[in-house]
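Given the coordinates of chain A, assemble chain B onto it according to the supplied hints.
Number of protein chains: 2
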Amino acid sequence: MSQKFVEQLKEILGPNGWLEGEDTESYLTDMFGKQGETPLVARPDTTEQVSEVVKICAANNVAIIPQGGNTNVCRMAIPPENKSAVILSMARMNKIIDIDPECSTITAEAGCFVQSLQDYAREHNRLFSPDWGARGSAMIGGAVATNGGGQNVFRYGTTREQVLGMEVVLPDGQIWDGMRALRKDNSGYDLKQLFIGSEGTLGIITKLVFKLHPNQGQHCSLFGILTGMSELMNYLELAQKVGGDKLTAFELLPGLGVEKALNRYPALQRPLDQKSDWYVLVRFSDWENVEELVTTLFEQGFEAGILANAVMSQNLEQENNLWEIRDQMIPTQYFKSRLLKWDVSVPISKITHFLDSAENLVREHQQAAIIYVTGHVGDGNIHYTVIPEGEGDPGFDELCNRIYQDVDELVWSLGGSIAAEHGVGQLLKSRVRNQKSDVEYSMMQQLRHIFDPQGIMNPGKLIDS
Amino acid sequence: MSQKFVEQLKEILGPNGWLEGEDTESYLTDMFGKQGETPLVARPDTTEQVSEVVKICAANNVAIIPQGGNTNVCRMAIPPENKSAVILSMARMNKIIDIDPECSTITAEAGCFVQSLQDYAREHNRLFSPDWGARGSAMIGGAVATNGGGQNVFRYGTTREQVLGMEVVLPDGQIWDGMRALRKDNSGYDLKQLFIGSEGTLGIITKLVFKLHPNQGQHCSLFGILTGMSELMNYLELAQKVGGDKLTAFELLPGLGVEKALNRYPALQRPLDQKSDWYVLVRFSDWENVEELVTTLFEQGFEAGILANAVMSQNLEQENNLWEIRDQMIPTQYFKSRLLKWDVSVPISKITHFLDSAENLVREHQQAAIIYVTGHVGDGNIHYTVIPEGEGDPGFDELCNRIYQDVDELVWSLGGSIAAEHGVGQLLKSRVRNQKSDVEYSMMQQLRHIFDPQGIMNPGKLIDS
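Quick note, the sequences are listed as chains A and B, same order. The first sequence begins at 0 in numbering that gives the first Met the number 0 and counts up by one. The second sequence begins at 0 in numbering that gives the first Met the number 0 and counts up by one.
This is chain A alone, in the form it adopts within the complex (with noise of 0.2 Å):
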């Protein structure tokens, strides 16, 4: 890359626009680490500017990583190792443009803070739906470039389904204005759906219509024991009878990883004396009051002999309590040896079956290895951790190998997906080539093709050129 590619950039972008050098350090690291290199970190304030940049680098045959909030666990906004791009931040085009209650529509820069989406929507009385935890720093930009999901699926559905329009700059600069507002449109290809989990490989979203939803303020939690793992799936089809479209939520939590919350966070309440190898977290939400439907979920728990133990939230801090020891369900800041991670989805109804069959595989393997599960078991959608013992030992690659292979098999048997949630980027996009038939993986290298043929667009990620 040469110095006037470096000058025609900086030009493009004015002196508030990029970053050199040092400065440039915190883009080229995710959760994992710093990777690859950067000439320069692009942080444009326009469209216009986005696509400048983009024609730039492709006259120049130069790689670009588009990167939001970089809170991905994939890997998927840094450049590939030992490879140089430009990182292309959506950092400064942050601007909320507009908010329709009427319609019920927000339109935003890709910069923006999901947070800031949903603080601006609850102040008028609306409901951005997309939620995790990192929602103070994930872009939605990169929530549409990955889909991303989070415990308000089961409701609302995924990131995806709240996507009315959108402003994409594409791998050759050229900007195509998909800005709509509509609910009904068939008049050609949905376009939009395609740079909807793409990654950042067919284009660079730079701003976003969304659909927003009644704000459902009162919210209530039962936090609860099963009597057995084999109700899992009764309970849910009696919170699901009982709460109907109320029911947003339909945790499992783990036992260990709820003790091991309680004890890093001294803020944390217990909310159950008992202890478990699991909980479920139910929340129903509306905009009236939900307590009486948790009582009859509660009730009927008991009287049906599914819930050995439960506690409701009475208050805005016990229902806040409940879903912060949610949000510190991560097992990677628990556990400070080699963590193997799935993100898996399953038919809801292979749940069980799921869980039973991968721990004996586990098992088989390594009778020690702790088994770290938390669940959005509504969606059918598990987050499995094996942490094996011995990591240093001889073998101890080997077989992590085999643990990943056995159960991405098993998930794969069951119909489901080891990229629920969380995308693909680097780290699975080897072992997602083999849950994809080849006439499929086919058509995404084609459609890659399509949209970036000199392969400039975030390189080395989702799929292989």
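Worth double-checking, as some hints may not be accurate.
A pair holds if it fits inside one copy or across any two, identical chains being indistinguishable in the list.
Heads up, simulated DSS-like pairs for lysine-lysine below, C-alpha to C-alpha not over 30 Å straight-line [stated by the list, open to error]: (1) 210 with 240; (2) 210 with 340; (3) 274 with 54; (4) 94 with 259; (5) 435 with 54; (6) 435 with 94; (7) 33 with 428; (8) 274 with 340.
No wet-lab data here; the hints were simulated from the structure.
Relative to chain A, chain B alone:
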């Protein structure tokens, strides 16, 4: 097309799997009449047969017209004028393969009628939400290829949002197995989204997996007259506030249509003695009784000065009567002269603006033209019909074209679409070209070309090659 070619097809399909000569007439005929020719109507009953037929046609460069129920209104599923093509009817692939009430999914072949899935789901206490008048003859493959809408979109989303997985025969005959039943899957580009709404131009859908919803067996509707059209959005907002997620539909009916329906169908009962230019029809649904909610909407409507008159259904017979009236609003049955028809989508808050402005535009062209409007108000989808006077007079065609142009441009100026739910097919292809930017149109053409470089799949429909 050689005799050998036809013989090859017959051999693949078997004696019950094809039609020739006179027997093909109905397949060449849609609501507008007969068009084009066909050497053979293929009626495969397995995906493998579909694949083999496509391969033979591709090898001989013969066009294929995928056909479901042929209930579309855009000349989507017959050959282009004066052209010959093999019609590939999905009618024999009509098996429901599986229903999983625990997962709330249903799997079926593409030739099943929409109503068959509705009935089967209901037997299992679930709801298959796509629903419109042609439910008894529309097939689900076509419903997905057109992304059918209907009155349940407001609550449940379009057909697109029901699809979890599909199997498709591609234009080169390869079979893509995308049959999944997962709520979350971020393992690559969401390929099924391209085929949804593709109107048979990218491949032939052979099987589908849909999501189901809890059965909402209890319905109650309100049929009312507003104090003024300016109250339309206010009443929608009130209905949402009162009913929340139980609001299933919010429809606008023309007084003219209601009178004609009551006149033509003696079995229909007049809901209200007071006549009006407009009526609203609002439905709440749940598994529990919703009469109380409708009563609240009824009372609050009068209190707020929004309702001038209204009636609620008191029993199943009255409920069915109201929706039968709604089903009979289609104007083609009532007007025998030329109809100018729009299937408009605008942002919901722009509906009344559109209605006012469109009327002004039409009246500038012809004061006495009849304007006939029905609407899925909650989705921003208006079926707008103009019946000008003087068909056959000199200048009539030019008058019609000018009205089309003006109303199209009005729609686009409001950020709308002229193909909201009925699709594009042959009839709207040219007009929709003007709705799209060059960038967007080019992207669609490139996609079409990548999938179907020979241009054999449903030529002349949706977009130009």
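Quick rundown of the hints versus the structure:
no., hint, result
1, 210 with 240, "both (27 Å within a copy, 17 Å between copies)"
2, 210 with 340, "between (32 Å within a copy, 28 Å between copies)"
3, 274 with 54, "neither (59 Å within a copy, 62 Å between copies)"
4, 94 with 259, "neither (38 Å within a copy, 51 Å between copies)"
5, 435 with 54, "between (33 Å within a copy, 23 Å between copies)"
6, 435 with 94, "between (38 Å within a copy, 26 Å between copies)"
7, 33 with 428, "within (19 Å within a copy, 51 Å between copies)"
8, 274 with 340, "within (25 Å within a copy, 66 Å between copies)"
Of the numbered hints stated above, those contradicted by the structure are hints 3, 4, listed in ascending order.
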